[in-house]
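All residue numbers for the sequence shown refer to numbering that gives the first Met the number 0, where the first residue is 0 and numbers rise by one.
Calculated directly from the structure, the hints in this document are not laboratory data. Virtual Cβ for every residue (Gly too), placed ideally from N, Cα, C. Check each hint, because a few of them may be wrong.
Label-pair ranges, simulated between beta-carbon atoms [to be verified]:
id, residue 1, residue 2, range
1, Pro109, Pro761, 46 to 52 angstroms
2, Ser401, Gly458, 26 to 32 angstroms
3, Ala590, Thr337, 27 to 33 angstroms
4, Thr680, Ala638, 33 to 39 angstroms
5, Gly140, Asp96, 22 to 28 angstroms
6, Arg660, Ser277, 35 to 41 angstroms
7, Glu121, Pro761, 40 to 46 angstroms
8, Asp2, Asp24, 57 to 63 angstroms
9, Gln269, Arg298, 24 to 30 angstroms
10, Asp24, Gly140, 26 to 32 angstroms
11, Ala590, Asp679, 39 to 45 angstroms
12, Asp24, Asp648, 57 to 63 angstroms
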Amino acid sequence: MTDAELAAEQRFLDAAYERLDALRDAARRVAAGYAEPGGTHQARLEREAAEAHTRRRLAALELRDLPLCFGRIDLAGASHPADGDRRYYIGRISVTDDGQEPLVVDWRAPVAEPFYRATAREPMGVVRRRHFQTHGRILIGLDDEVFDADASEEAGFTVVGEGALLAALERERTGRMTDIVATIQSEQDEAIRADLAGALVVTGGPGTGKTAVALHRAAYLLYTHRQRLAAQGMLLVGPSPVFLRYIDEVLPSLGEDEVQLATISALKPQHRVRATESPAVSITKGDARMARVIAHALRDREHPLRRDLVVTVDGFRLVLSRAASRRIVERARRRRGTHNAKRPGFVSAVIDHLKARYRRALVREYERGAQGSVSEGTEASVAVLLARGEPPPADWDADLTSRIRSVPQVRAALERMWPVLSGAELVRDLFGFDALIRSAADGILSRDEQRGLARARRGDIGEVEWTAADIPLIDEADARLGAPSAARRRPRRRRGPSREELQVARRVLESSGAGGFLTAEQLVERYGGSGSAASDDDHELRTFGHVLVDEAQDLSAMEWRMLARRCPSGSFTLVGDLGQASRPGALADWAAIGDALGKEPRSVNLSVNYRTPAEIMTVAARVLAAAAPGVEPPRSVRATGVEPRFVRDDDLVGAVRDVARAAVDAGGRVAVITPPQRRDTLLAALGDLDAAAGPGAIDAPVAVLAPIEAKGLEFDHVLVVEPAELVVPDAAGLRLLYVALTRATRHLVVAHTAPLPEALQPA
Numbered sequence: 000m001t002d003a004e005l006a007a008e009q010r011f012l013d014a015a016y017e018r019l020d021a022l023r024d025a026a027r028r029v030a031a032g033y034a035e036p037g038g039t040h041q042a043r044l045e046r047e048a049a050e051a052h053t054r055r056r057l058a059a060l061e062l063r064d065l066p067l068c069f070g071r072i073d074l075a076g077a078s079h080p081a082d083g084d085r086r087y088y089i090g091r092i093s094v095t096d097d098g099q100e101p102l103v104v105d106w107r108a109p110v111a112e113p114f115y116r117a118t119a120r121e122p123m124g125v126v127r128r129r130h131f132q133t134h135g136r137i138l139i140g141l142d143d144e145v146f147d148a149d150a151s152e153e154a155g156f157t158v159v160g161e162g163a164l165l166a167a168l169e170r171e172r173t174g175r176m177t178d179i180v181a182t183i184q185s186e187q188d189e190a191i192r193a194d195l196a197g198a199l200v201v202t203g204g205p206g207t208g209k210t211a212v213a214l215h216r217a218a219y220l221l222y223t224h225r226q227r228l229a230a231q232g233m234l235l236v237g238p239s240p241v242f243l244r245y246i247d248e249v250l251p252s253l254g255e256d257e258v259q260l261a262t263i264s265a266l267k268p269q270h271r272v273r274a275t276e277s278p279a280v281s282i283t284k285g286d287a288r289m290a291r292v293i294a295h296a297l298r299d300r301e302h303p304l305r306r307d308l309v310v311t312v313d314g315f316r317l318v319l320s321r322a323a324s325r326r327i328v329e330r331a332r333r334r335r336g337t338h339n340a341k342r343p344g345f346v347s348a349v350i351d352h353l354k355a356r357y358r359r360a361l362v363r364e365y366e367r368g369a370q371g372s373v374s375e376g377t378e379a380s381v382a383v384l385l386a387r388g389e390p391p392p393a394d395w396d397a398d399l400t401s402r403i404r405s406v407p408q409v410r411a412a413l414e415r416m417w418p419v420l421s422g423a424e425l426v427r428d429l430f431g432f433d434a435l436i437r438s439a440a441d442g443i444l445s446r447d448e449q450r451g452l453a454r455a456r457r458g459d460i461g462e463v464e465w466t467a468a469d470i471p472l473i474d475e476a477d478a479r480l481g482a483p484s485a486a487r488r489r490p491r492r493r494r495g496p497s498r499e500e501l502q503v504a505r506r507v508l509e510s511s512g513a514g515g516f517l518t519a520e521q522l523v524e525r526y527g528g529s530g531s532a533a534s535d536d537d538h539e540l541r542t543f544g545h546v547l548v549d550e551a552q553d554l555s556a557m558e559w560r561m562l563a564r565r566c567p568s569g570s571f572t573l574v575g576d577l578g579q580a581s582r583p584g585a586l587a588d589w590a591a592i593g594d595a596l597g598k599e600p601r602s603v604n605l606s607v608n609y610r611t612p613a614e615i616m617t618v619a620a621r622v623l624a625a626a627a628p629g630v631e632p633p634r635s636v637r638a639t640g641v642e643p644r645f646v647r648d649d650d651l652v653g654a655v656r657d658v659a660r661a662a663v664d665a666g667g668r669v670a671v672i673t674p675p676q677r678r679d680t681l682l683a684a685l686g687d688l689d690a691a692a693g694p695g696a697i698d699a700p701v702a703v704l705a706p707i708e709a710k711g712l713e714f715d716h717v718l719v720v721e722p723a724e725l726v727v728p729d730a731a732g733l734r735l736l737y738v739a740l741t742r743a744t745r746h747l748v749v750a751h752t753a754p755l756p757e758a759l760q761p762a
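Construct all of the structure, not just a fragment, from the sequences and the given hints.
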């Protein structure tokens with residue numbers, strides 16, 4: 000490259016960074032001005048909204064060590080270097096000059112699209128595309144692609160560089176995923192910028208950039224649909240806490256911090272997963288039929304009395320017969336709403352039935368002319384009113400209601416007939432009694448499947464050792480039951496914001512510039528006083544405007560039902576590879592997943608493997624052919640000249656230690672992927688290398704991971720331990736082995752004592 004070209008671009012970057020620093024300093028001064036408390040309601044509303052907007056802007060301007068600008072595009076008609084209208088610098092965020100003219104264009108803006116999607120066949124008006132290679136704020140290299148040689152020569156462009164994408168791929172891994180904004184390729188960009196509506200499936204083998212696409216799609220959608228998604232929120236579901244730790248810095252680096260990251264189990268954080276179970280039981284629990292089992296289990300808890308209820312109140316014998324209780328239960332079942340929400344109406348019906356018996360008994364006593372309290376005083380006057388067909392005094396009626404409800408036998412009967420339940424209680428009780436399992440599952444599950452569900456019942460919910468497959472069942476039950484608090488009080492009527500509140504909110508949005516992020520109604524709800532709408536229930540289901548799911552091929556039907564409830568709009572991005580499907584009970588194909596969501600998904604396939612060297616993919620492809628014969632491996636675009644090594648040693652721990660130490664000395668990130676039962680032993684053996692497991696492994700020099708924890712991750716050096724123990728008992732094990740083999744970007748070593756699985760042996 001020419002020194003003049005590099006110097007010219009460095010001068011531009013210096014000017015852009017200087018302007019960025021000025022914008023950041025201005026935002027800090029504005030934020031500091033909101034520290035003064037007090038003021039009127041309108042003043043507080045204005046201050047809080049403006050402060051939220053400023054905090055968001057300040058966060059976007061804090062790039063830390065990330066590059067501001069990735070490169071530029073010169074469009075047809077540009078005359079280098081004066082014609083700025085046809086030349087655009089593309090970067091992480093938008094930076095404008097004092098006159099609000101763009102210095103750097105946000106990568107998500109429509110004008111930036113050709114930077115990623117232009118090809119020789121479809122140049123999209125681009126004459127030259129230039130990539131920047133930077134270290135901090137210093138430009139260290141340029142790389143150009145020319146799509147129109149004649150126009151380039153006419154404009155006097157200098158062409159430099161040797162390939163930005165492959166250069167980026169050769170860099171050592173840092174342990175945390177970084178964004179690939181500067182090197183997004185055309186097929187990836189197509190997925191990133193796809194429409195928001197409906198379900199989009201992004202498929203592709205290892206190393207095709209699926210996770211990066213999902214994260215950049217999240218940033219792009221938030222940028223493009225800011226008003227809608229900022230209010231409704233976005234959820235990204237990952238396969239493990241390790242994976243979430245791996246990606247947690249990506250979205251903030253792209254200028255977005257409004258995406259909630261979670262595993263499936265973390266969507267119900269009040270219930271900890273502390274146990275495992277056999278694959279067969281997990282398959283049963285993940286099957287869509289379990290939704291019917293849960294529905295039947297709930298119906299079994301809404302039942303009439305087995306024998307008549309007889310109680311005595313004030314000497315009167317009150318009876319709730321079995322037939323009457325059956326009618327009350329059936330009427331309650333027919334009402335709309337959840338189980339717990341229908342409880343107050345059910346209780347009222349039972350109490351009203353007993354009150355009617357009391358009033359009739361009181362009238363009969365009065366009409367017989369019996370002596371005592373009925374012939375004199377309050378009871379007599381009430382009896383007179385009732386005998387005439389007139390309503391009793393309200394305070395007398397309320398007192399009677401209270402006295403009947405306080406009778407222990409009545410309280411017990413109400414609890415037996417229509418108990419207040421949480422989803423966890425329903426699932427705990429269901430699996431704790433063989434009779435309840437048979438009643439709920441007969442005709443749905445086989446006897447063997449039913450036996451697999453049974454386990455000892457724990458008295459305290461906090462003591463239950465839930466499995467991962469239990470969590471979607473609890474969520475299913477919660478959806479049908481509703482919040483327990485709904486059974487104890489009537490929901491308050493919610494009112495919308497007043498006209499005055501909306502007028503104030505609109506003025507605040509206009510003056511603060513936050514109109515692109517909030518509507519007036521949303522502002523009142525978020526920052527308004529006691530008059531704003533509020534949730535009546537702390538347990539109300541959190542929903543989102545868009546949900547992204549990584550490793551989507553591993554979710555069961557019940558897990559998909561759980562996610563569908565959290566996205567009423569049906570706007571999903573599903574990222575996965577059927578060749579890596581390895582969890583028991585996962586749905587078999589994308590069509591089945593679409594059926595579970597009630598949406599026919601659109602599909603984008605990523606066919607190019609940018610991560611895994613061809614030498615490693617050749618070995619992994621043999622495993623894929625055995626594990627998933629119908630799945631084509633991705634095409635690797637790079638080779639290292641280094642073949643995978645196979646080390647057979649009776650001292651397996653010693654061999655692992657030697658290979659790991661050599662990998663650390665070579666530089667880069669190291670992972671030891673091992674059968675779970677060997678993890679603790681290897682972790683101890685690698686202690687002198689500061690090896691770590693769990694979420695903290697991402698920041699350690701050597702990560703010791705089970706194959707399921709390695710999903711979605713990448714490392715420079717990967718050591719796969721005893722593959723024969725990974726492939727038991729079925730094809731899912733082979734697919735886990737395929738996952739393990741394809742995590743490496745440079746070197747792969749397989750250490751073993753037992754013979755290699757047939758699929759891994761040389762052809």
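Hint check:
1. Remark: the range hint 46 to 52 angstroms for Pro109 to Pro761 is upheld by a beta-carbon distance near 50 angstroms.
2. A hinted range of 26 to 32 angstroms holds for the C-beta pair Ser401 and Gly458, which are about 31 angstroms apart.
3. The supplied range of 27 to 33 angstroms is met by Ala590 and Thr337, whose beta-carbon atoms lie about 31 angstroms from each other.
4. A C-beta distance of roughly 35 angstroms is found between Thr680 and Ala638, which places it inside the suggested range of 33 to 39 angstroms.
5. At about 26 angstroms, the CB distance of Gly140 to Asp96 agrees with the hint of 22 to 28 angstroms.
6. The hinted range of 35 to 41 angstroms is satisfied by Arg660 and Ser277, whose Cβ atoms lie roughly 38 angstroms apart.
7. At roughly 42 angstroms, the beta-carbon separation of Glu121 and Pro761 lies within the given 40 to 46 angstroms, and the hint holds.
8. Restraint check, Asp2 to Asp24: a C-beta distance of roughly 32 angstroms breaks the suggested window 57 to 63 angstroms.
9. The beta-carbon spacing between Gln269 and Arg298, approximately 25 angstroms, falls within the hinted interval of 24 to 30 angstroms.
10. Between Asp24 and Gly140 the beta carbons are some 30 angstroms apart, a value that agrees with the proposed interval 26 to 32 angstroms.
11. For Ala590 and Asp679, the Cβ-Cβ distance of about 41 angstroms falls inside the hinted range of 39 to 45 angstroms, so the restraint holds.
12. In this structure, Asp24 and Asp648 meet the distance hint of 57 to 63 angstroms, their C-beta atoms being roughly 60 angstroms apart.
Checked against the numbered hints given earlier, the structure breaks only hint 8 and satisfies all the rest.
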